[in-house]
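For the record, the sequence lines run as chains L and V. Mapping of the first sequence onto the numbering used here: position 275 corresponds to residue 546, and the numbering continues sequentially without gaps. Mapping of the second sequence onto the numbering used here: position 343 corresponds to residue 614, and the numbering continues sequentially without gaps.
Where hints are given, some of them may not hold.
Heads up, the list lumps identical chains together, so a pair's fine if it works in one copy or across two of them.
Simulated crosslink set (EDC-like; lysine to aspartate or glutamate; CA at most 20 Å straight-line) [unchecked claim]:
1. K562 to E467
2. K332 to E417
3. K301 to E582
4. K391 to E466
Read the hints as simulated data drawn from the structure, not as lab findings.
2 protein chains.
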Amino acid sequence: MVSHTWRIGLIGFGNVGQGFVRILANKGGKLRERYGFEFKIVGIADPVKGSVFDPEGLDVKKLIELIDKYGHIRDYPSGRKDIDSIFLCRSDVVDIIVEVTPTNIETGEPGLTHIREALKHGKHVVTSNKGPIAIAYPELKKLAEENGVFLRFEGVVLSGTPAINLALEALAGADIKRVQGIVNGTTNFILTKMEEGMTYEEALKEAQRLGYAEADPTADVEGWDAAIKTVIIANVLMGGSITIKDVDREGITKITLEDVRKAKEEGCRIKLIAEVVKEEGTIKASVKPRKIPLAHPLANVMGATNALTFETDHLGPVTIVGPGAGRVETGQAILTDVLAIHRYTHGGRI
Amino acid sequence: MVSHTWRIGLIGFGNVGQGFVRILANKGGKLRERYGFEFKIVGIADPVKGSVFDPEGLDVKKLIELIDKYGHIRDYPSGRKDIDSIFLCRSDVVDIIVEVTPTNIETGEPGLTHIREALKHGKHVVTSNKGPIAIAYPELKKLAEENGVFLRFEGVVLSGTPAINLALEALAGADIKRVQGIVNGTTNFILTKMEEGMTYEEALKEAQRLGYAEADPTADVEGWDAAIKTVIIANVLMGGSITIKDVDREGITKITLEDVRKAKEEGCRIKLIAEVVKEEGTIKASVKPRKIPLAHPLANVMGATNALTFETDHLGPVTIVGPGAGRVETGQAILTDVLAIHRYTHGGRI
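Isolated chain L (complex conformation) (with noise of 0.2 Å):
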């Protein structure tokens, strides 16, 4: 088997393009031993943080060290820094894209442009961006077919916490019938502040000051972040066709310290439960606070962990807890996916 050096073009240096580059940093070695794994990061494209391409490649701990002291690769000191997400998409010398610019929820953008553009210029890509995923995702696997490239993105759905490839690798040949989860660590962490005895507004405060909400929280407590997960699990996971619209979707910020305490007392616990069922066909998915008693597998899983119950036809419910978000962690469902399209490739030994 003849091992070759992947090259690897990564759009958007924000966190989890930096997660991603740190481990490829203290790993590189590791990687190489254990699985032949070869790589160079041939470009970056990042608006902000600075752009840079080498078709020679860059050397991983140089931009570490930069992204560390300066917050941006602008002054990378060699390679061509007149180059674009668009140029990266196209270059010959590109073998991966990894898509990691922000998420939009409503137009799929930045990202849904950069995976068309890299699918049809013949390159895998792999992604933690939700929008692109939850938007158009038949359109992209299509492509992707026709192209004969790889699209993966294990991190739309609880980072690195393995969700997607477990429900459509590890569990291949299961029907899931139904997918309960708490899929929004902000939430969750407030709901357990909450029952530690803060009322809503202390909690959500604590969550911004930890970083775990951003400064207008809509995203996360409204539960759209919860939604458009639910979008890619019915999409992706259970063969539906529905878009944010169809999510039946209510937030935690009507849930009062009261409902928390009487939740208690009847044994259960409150918790923001995305849901998708698949009943003769049809998929509901919706995302609400819900009531769940104590001995429900996801009532234990606490602050800003996250989890998701598979129920399928030959095993019952399949629970996998872990992760919800995080840089390294979301940097390591992009490795993961990296890694198997180097696995695919190359003859699918572990």
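Fit chain V to the given chain L structure using the hints.
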């Protein structure tokens, strides 16, 4: 991509083999449609249930009908009956050997011989047989590589609940530093019943009545079954090379109702915990009853359910919870491995 019909030889037609064939009988059309997976069972070899061989393929519905009606397939209406397991391992018309004979944790036989023979003759092997994997993984892995075939064994731990494939594939790139788990359903069922107030003896009888425990329950209650799985976790997932003698093993037979009550008062539960820790390259493995706090992800795994927590460098703890045994559940493990071989040899589309 040219599809082709996989010719499967099944060695062992007990619970797991029947579970697998039952799934194929029910779901053949769906598997073809969803994965482009075409198959024939060309032979079954079982010294008790009967052996039959037909290169044209056996009728899976007929096999299930016979086993349900008579408990054996010795009167299957066509094909050769004068074949045995070694014949299947060497047959030119077999592509995949499914080895599902009973586990022998001391010698690994007869599974070990079957697997060696099949790999040497260029057959892919899928097994749920713990013995050969625990005893001879490095040798068998090398043999598979030398012969350009796959050896897969999701079913050896947690039946069809993804554990092996989860760790090796979906978590690829992460280092597993520690694994803790509940890997024996019988003992977990007994401990659950004791928490409900039964004595050890009463709980064991109940487990026997429900078919969870054997008439001689030693393998389960003394921790041997958990220990052999611990060896597999250490050697396959964490690069160890230990034997069952290296596992610090203690069963649950000395646990009293008083111990269980006392733990409960302290906000804990007693669970039989399999653990493998890797520290500075050294592997330590144990199976022991432990008092764990209710907030621990394994504390709420009740009844015959199993679970594994992987402590990883990139993700922290990742826990999978699901069934640990069962006819269809282990049949699903076989199916997912066969589908993985299909996927790896047909371009990896998911």
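Status of the hints after comparison with the structure:
| no. | hint | verdict |
| --- | --- | --- |
| 1 | K562 to E467 | within (16 Å within a copy, 24 Å between copies) |
| 2 | K332 to E417 | neither (36 Å within a copy, 37 Å between copies) |
| 3 | K301 to E582 | between (36 Å within a copy, 18 Å between copies) |
| 4 | K391 to E466 | neither (50 Å within a copy, 59 Å between copies) |
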